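*Asks:* Each chain is listed here by its residues.
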Amino acid sequence: MASSWLPRWFYQLASPRWCYSITGKLIPWFAAIGGLLFVIGLVWGLAFAPSDYQQGNSFRIIYLHVPTAILAQSFYMLMAIAGAIGLIWKMKVADMVAKSVAPLGAALAVLALATGAIWGKPTWGSWWVWDARLTSMLVLLFLYLGVMALNSAIESETTAAKSTAVLALVGLVNIPIIKYSVEWWNTLHQPATFKITEKPAMPAEMWMPLLVMVIALYLVFGLAMMLRLRNEILTRERRAGWVKELLGS
Amino acid sequence: MAFETFADFLNMGGHGLYVWLSYGLGLLTIALCLYLPIIQGRETRRSLRRRIQRESVKS
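From first to last, the protein sequence lines stand for chains A and B. Residue numbers for the first sequence follow my numbering, so the first one is 1 and each next one is one higher. Residue numbers for the second sequence follow my numbering, so the first one is 1 and each next one is one higher.
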């Protein structure tokens with residue numbers, strides 16, 4: 001290891017064996033809490049939150065649309081950061097995280113775009129407009145698909161990890177574009193519901209179920225990510241002693 | 001409750017199709033994102049176990 005100024009858990013994270021065991025312990029918790037919050041948020045948002053005075057009940061799509069859009073962007077940042085760590089410290093686990101996240105991020109981007117289109121039809125009268133927010137989200141989906149295509153096209157795992165990391169880092173420029181697209185350009189899309197510096201514009205009984213759904217989906221997709229990561233660890237470390245010990249008995 | 005009857009809930013003030021289509025897609029996608037890695041993990045462990053057994057027979 002190059003230097004010792006990084007905390008100990010950082011080096012533990014670098015160990016596939018340690019990651020396999022810690023994710024094994026975390027998975028039941030993510031499943032239980034994530035599942036519970038998901039059911040609460042779903043029932044709360046669909047049946048109990050008041051309807052919007054302008055949009056009526058179609059506004060309830062927000063409880064799926066906003067969390068998936070937030071997660072699609074967070075997962076992209078995770079993928080780019082993991083890729084960068086893999087490039088800089090040659091950390092195998094970071095490469096595996098980046099690879100595991102990509103298909104989930106793509107699924108989230110598809111879901112955000114699809115729920116947005118379905119919401120757009122009754123609200124704007126159109127499934128799709130070539131507007132800055134929608135277009136930059138579509139670019140996000142294409143970036144995910146590009147990373148996935150590179151991963152499957154390149155035979156060598158280390159070369160694939162390097163190329164996808166570079167692509168993911170270049171594509172990172174799209175994230176602030178998505179965020180500020182509603183402010184920089186004239187758009188049909190409404191501004192952000194949650195802002196760090198201000199109170200939400202909607203009443204608490206509307207944004208609280210949304211917050212629950214955001215946390216629930218972080219946990220559920222975190223769970224999916226750990227499941228993928230564990231498969232990746234087993235496959236790549238199949239020649240390691242601990243894997244043989246784990247599966248041999 | 002924001003709705004009087006269950007039929008009202010399903011109808012979503014005339015926007016039922018849009019709301020339920022969104023949530024249907026969402027549930028399907030989330031289910032697939034969890035189900036596929038579980039199936040794949042089972043397959044990976046099974047094939048690795050077979051491989052380890054073969055190797056231990058050889059040596």
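What the hints contain is simulated information worked out from the structure, not anything from laboratory work. Careful, some of the hints might be misleading.
Said to hold, decoys possible - DMTMM-like cross-link-like pairs, simulated, lysine to aspartate or glutamate; straight-line CA separation at most 25 Å: (1) A/Lys179 / A/Asp131; (2) A/Lys244 / B/Asp8; (3) A/Lys25 / A/Glu183; (4) A/Lys92 / A/Glu198; (5) B/Lys58 / A/Glu237; (6) B/Lys58 / A/Glu245.
Just so we're clear, the structure is a prediction, and the values are computed from it rather than from any experiment.
*Asks:* Any hints from earlier that this structure breaks? Give me their numbers in increasing order, please.
*Replies:* 2, 3, 4
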